[in-house]
Amino acid sequence: MPFLSYGSHRIRYELNGATDAPAYVLVNGLTQYSELWAAYRDALIGKGFRVATFDLLGQGASAKPELFISQEDQVEALRLLIDELGDGPIFLSGISFGALIALRYAILHSNRLSGLVPMSAFAELSPQLLLLGNALRTGLILGGISYLQDLLLPMNLSDSWLRPLLGNLDAVKRQGWLINDVYAVQNLMESFLDFQPLTPQLASIKTPTMILNGEFDFLTPRSLHETLRTHIADSSLVIIPNSYHAFTLEKAALTADLLARFAEDVLAKRWQGKQSVWIAPDDAGGEMTPFPAGFDHLRAIPVPRAAS
Amino acid sequence: MNQFLGPLDSSGRVPPLQQTRVSSFLVSIHGALARQLALALPGQFKAGWQTELNTQLHRETEIVSLLLRATSWAPDVMAFYNTLIWEMAWLPNPVSGVTDGRLAATIDIAALGHAAHGAIRPAALLPVEASADDPFVVALRRIEFESSRLIQTQIHFLKSDDLKPARDAVSAAVNDRHRQVRKLWAEMLDSIGIKHRADDE
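Protein sequences, first through last, are from chains A and B.
Quick note: the first sequence uses this note's numbering, first residue 28, plus one each step.
Quick note: the second sequence uses this note's numbering, first residue 17, plus one each step.
Simulated from the structure, these hints should not be mistaken for laboratory data.
Glycine included, C-beta positions come from ideal geometry on N, C-alpha and C.
Hints may be right or wrong, so weigh each one.
As the list claims (entries may be wrong) - Just so you have them, the derived chain A footprint on chain B, three or more residues with Cβ under 8 Å: (1) 136–145; (2) 170–177.
Stated by the list, open to error - A few chain A residues that face chain B, going by a derived Cβ cut-off under 8 Å, partial list only: (3) 93; (4) 94; (5) 168; (6) 169; (7) 171; (8) 205; (9) 208; (10) 209; (11) 210.
Take these sequences, add in the hints, and give me the full structure.
Spelled out as structure tokens, the structure:
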């Protein structure tokens, strides 16, 4: 298990795939750990990519600073990892909290990236997200990791994913419960206490950017992704049908396929962001569909888009 | 080396020697915290969060009482030696770099409390098959469950603006206590055939 050194802290990481291949770097969500990207690692290596995964500070087998973890420290740890990958093309993707860290990296080091894929992302704390975050933190404090998982599972995953697991949820939760420590996850959450919106800095991201948002994600709904789409010039927004905040867990094959196709398009200079809006296929390999012209992609009912 | 306690007996109970070592360690550290809190608590509270200290004092005592009754104790030739090592380790070690002696001592107690409730995950030692009706199993789960709440007093104090001028000294003290507690916890687990988590190596 290799580690990077960041000050007195260790960052656990893993590199797989050919060393001269274009690389995908995948950044975990709040309570995740790098093993959860296994399906992505296998799929992306199969498509000719090198894959880098790691545990953020406070997660998994990386160091868990006892009192404070700043988001700037996470970005610096990510920079160290990306520096390990040499000079080839780098595609950076992250989910939720990891998407925020990826956005922060892209703001500072846009030139180092060939492509960026924020998933279930946000650049600011809307009142709903702020209050949900506070409630999740309270849940963590009062009920521990297990209760936080109890809240996150139904919020972030679909009925069709949950239904067959209802009788076995303890087993689903167990590895995440074992690997996460309350104080460390709380530190990650409290790194938002002095959070300032990233929105004014998003325009500095010049790299091709594909924004992925679950159709029914209410933790980070469409409006938060719209902020990214409208402020990042070379972007497109792709809506993942019938999915929630944690579609990376639920639809790994589809999402890995989208990541690979995005990177292939960028490398072949076929990519055209144009701040367009798309609907992803239901399954890997399917066709992308442009969002119907004239309709408002921010609404859940077919409302004509207001004239701008 | 195993990751979890066991092998369990046919009723899903943890072997008595493992129970004894784990409980001895927990009784030692939570007993030390109870004693130190009893001495450090001011006669008159001046801040709202200090009321949590009173709660913690009694919760630490409750943990000791619970383990004494819930553990299937077995003779342990290492008991005296281990207890001596552990009790020496928990002795107050006022934080350097803080001139107010009482504050320096309080920071150390909080650092030890943060480590006891943050670094030690007793329920995470239990295999899935452990009996939900066994008192030792229930006690470990209860201690870990309560820890997420009890650690909040330490977090509130150690991260408070009052300690901002001494933040580096405070962070170093907490880090030192975590290292110390993790090391002794890992050594105790190693002595009963348990491999601790990779992040604590």
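### Task
Examine the region 170–177 of chain B for residues whose CB is less than 8 Å from any CB of chain A, and state whether their number is three or more.
holds (count 3)
### Query
Do the numbers back the hint for residue 168 of chain A, that is, is its least Cβ distance to chain B under 8 Å?
Given a least distance of 6 Å, the restraint on residue 168 of chain A holds.
### Task
Would you settle whether the hint for residue 210 of chain A is holds or violated, based on the nearest Cβ-Cβ distance to chain B being less than 8 Å?
4 Å, holds
### Message
Would the hint on residue 94 of chain A be counted as holding, given a Cβ-Cβ threshold of 8 Å to chain B?
### Response
6 Å, holds
#### Entry: Assertion that chain A covers the region 136–145 of chain B - criterion: three or more residues, beta-carbon distance below 8 Å
Answer holds; 3 residues pass the 8 Å Cβ test.
### Query
Does the CB of residue 205 of chain A sit less than 8 Å away from some CB of chain B?
Holds. Min distance 5 Å.
### Satisfaction of the residue 209 of chain A interface hint, Cβ to chain B closer than 8 Å
Cβ of residue 209 of chain A sits 4 Å from chain B, so the hint holds.
### Interface restraint verdict for residue 93 of chain A against chain B (beta-carbon cut-off 8 Å)
Nearest chain B Cβ about 4 Å off; hint holds.
### Message
Just to be careful: measuring from the Cβ of residue 208 of chain A to every Cβ in chain B, is the smallest value less than 8 Å?
### Response
6 Å, holds
#### Entry: Restraint satisfaction for residue 171 of chain A [CB to CB of chain B, less than 8 Å]
Residue 171 of chain A check passes; min Cβ-Cβ to chain B is 4 Å, inside 8 Å.
### Message
Take the shortest C-beta to C-beta distance between residue 169 of chain A and chain B; is it under 8 Å?
### Response
7 Å, holds
Hint check: no violations occur; every hint is consistent with the structure.
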